[in-house]
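If you're matching positions, the sequence shown starts at 197 in this note's numbering and goes up one per residue.
Possibly wrong hints are sitting among the right ones.
Distance windows between CB atoms, simulated [said to hold, decoys possible]: (1) Asn-390 - Glu-332: 43 to 53 Å; (2) Asp-401 - Ala-358: 17 to 27 Å; (3) Glu-296 - Gly-422: 37 to 47 Å; (4) Gly-405 - Glu-296: 15 to 25 Å.
Restricting the straight-line Cα-Cα distance to at most 27 Å, the calculated cross-link-like pairs of lysine-lysine (DSSO-like) are [stated by the list, open to error]: (5) Lys-403 - Lys-281; (6) Lys-403 - Lys-240; (7) Lys-222 - Lys-240; (8) Lys-222 - Lys-232; (9) Lys-281 - Lys-240; (10) Lys-232 - Lys-281; (11) Lys-281 - Lys-222; (12) Lys-420 - Lys-232; (13) Lys-232 - Lys-403.
Hints are computed from structural coordinates only; laboratory data are not their basis. Built from N, CA and C at the ideal position, the CB exists for glycine as well.
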Amino acid sequence: PDYSPPVFQFSDVCVRLAGPHQLQPKPDTSALQFGKHFTDHMLKIHFYENMGGWQRPEIVPMESIVLHPAAKVLHYAVELFEGMKAYRGTDGRIRIFRPELNMARMNLSAVRAGLPTFDGDQLIRCLSRLVTVDQEWVPHSESSSLYIRPTLIGIDPALGVASCNSAMLFAILCPVGAYFDSKSSAISLLADPNHTRAWPGGCGDRKMGSNYAPTIHIQAEAAKRGLQQVLWLYGEDDLLTEVGTMNIFMVCLNDQ
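Could you build the full structure based on these sequences and the hints that come with them?
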């Protein structure tokens with residue numbers, strides 16, 4: 197594969213553990229909400245073209261990110277991410293579900309956004325190390341997991357639509373419960389032909405932040421009607437494309 201040189205290596209990971217005063221209380225599994233609680237550490241990997249490319253991976257205590265006001269991510273949505281999960285099995289072992297597919301899509305998204313690519317195997321190993329560092333945060337529950345959010349952003353401190361010469365790849369972790377209320381017997385959907393989320397030639401097959409902002413208003417409209425999600429349609433024939441947070445499968449019955 198054609199990666200942006202030099203490729204960062206898991207063997208170069210530098211780990212700086214959080215001090216006692218930086219450790220966060222762990223929420224009760226029954227109180228978990230998506231994206232509300234975060235673990236004690238994060239992964240950071242910088243890319244600087246003028247310094248040779250990818251720099252040394254770092255696992256550090258969770259911290260805020262400082263950006264120049266002109267950073268491209270803030271103006272042109274030069275950003276992408278993935279969503280993965282680590283599960284604790286009945287044998288006590290922690291497993292990440294098919295991460296290689298997330299890495300493949302993340303690199304495709306990077307190419308489309310003009311961001312540097314990377315070796316997915318090396319990032320999987322870095323993420324696994326991060327999960328190991330914060331393994332106490334992986335829920336002991338069949339209905340909960342540890343959500344992994346690797347993100348790549350363009351941080352060039354300059355205005356202008358162009359490929360980025362500097363970027364930052366970071367990953368944060370958060371324990372999560374079931375996305376929908378387990379008591380729900382079905383999910384209700386809003387299908388509105390006046391709004392389209394993805395189309396041929398677009399970037400709907402890439403996981404980019406710019407794909408999500410335009411959906412927020414429509415999702416809010418669905419919520420006002422007591423509906424949980426949006427069923428997105430496309431074209432004159434109102435083709436079914438996707439649902440916001442899940443796959444959609446159609447079952448066709450015939451007389452036979």
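Hints, verified against the model:
no., hint, result
1, Asn-390 - Glu-332: 43 to 53 Å, "holds, 48 Å"
2, Asp-401 - Ala-358: 17 to 27 Å, "holds, 23 Å"
3, Glu-296 - Gly-422: 37 to 47 Å, "holds, 39 Å"
4, Gly-405 - Glu-296: 15 to 25 Å, "holds, 23 Å"
5, Lys-403 - Lys-281, "holds, 16 Å"
6, Lys-403 - Lys-240, "holds, 19 Å"
7, Lys-222 - Lys-240, "holds, 23 Å"
8, Lys-222 - Lys-232, "holds, 12 Å"
9, Lys-281 - Lys-240, "holds, 19 Å"
10, Lys-232 - Lys-281, "holds, 16 Å"
11, Lys-281 - Lys-222, "holds, 18 Å"
12, Lys-420 - Lys-232, "holds, 23 Å"
13, Lys-232 - Lys-403, "holds, 21 Å"
The earlier numbered hints are all upheld by this structure, with none contradicted.
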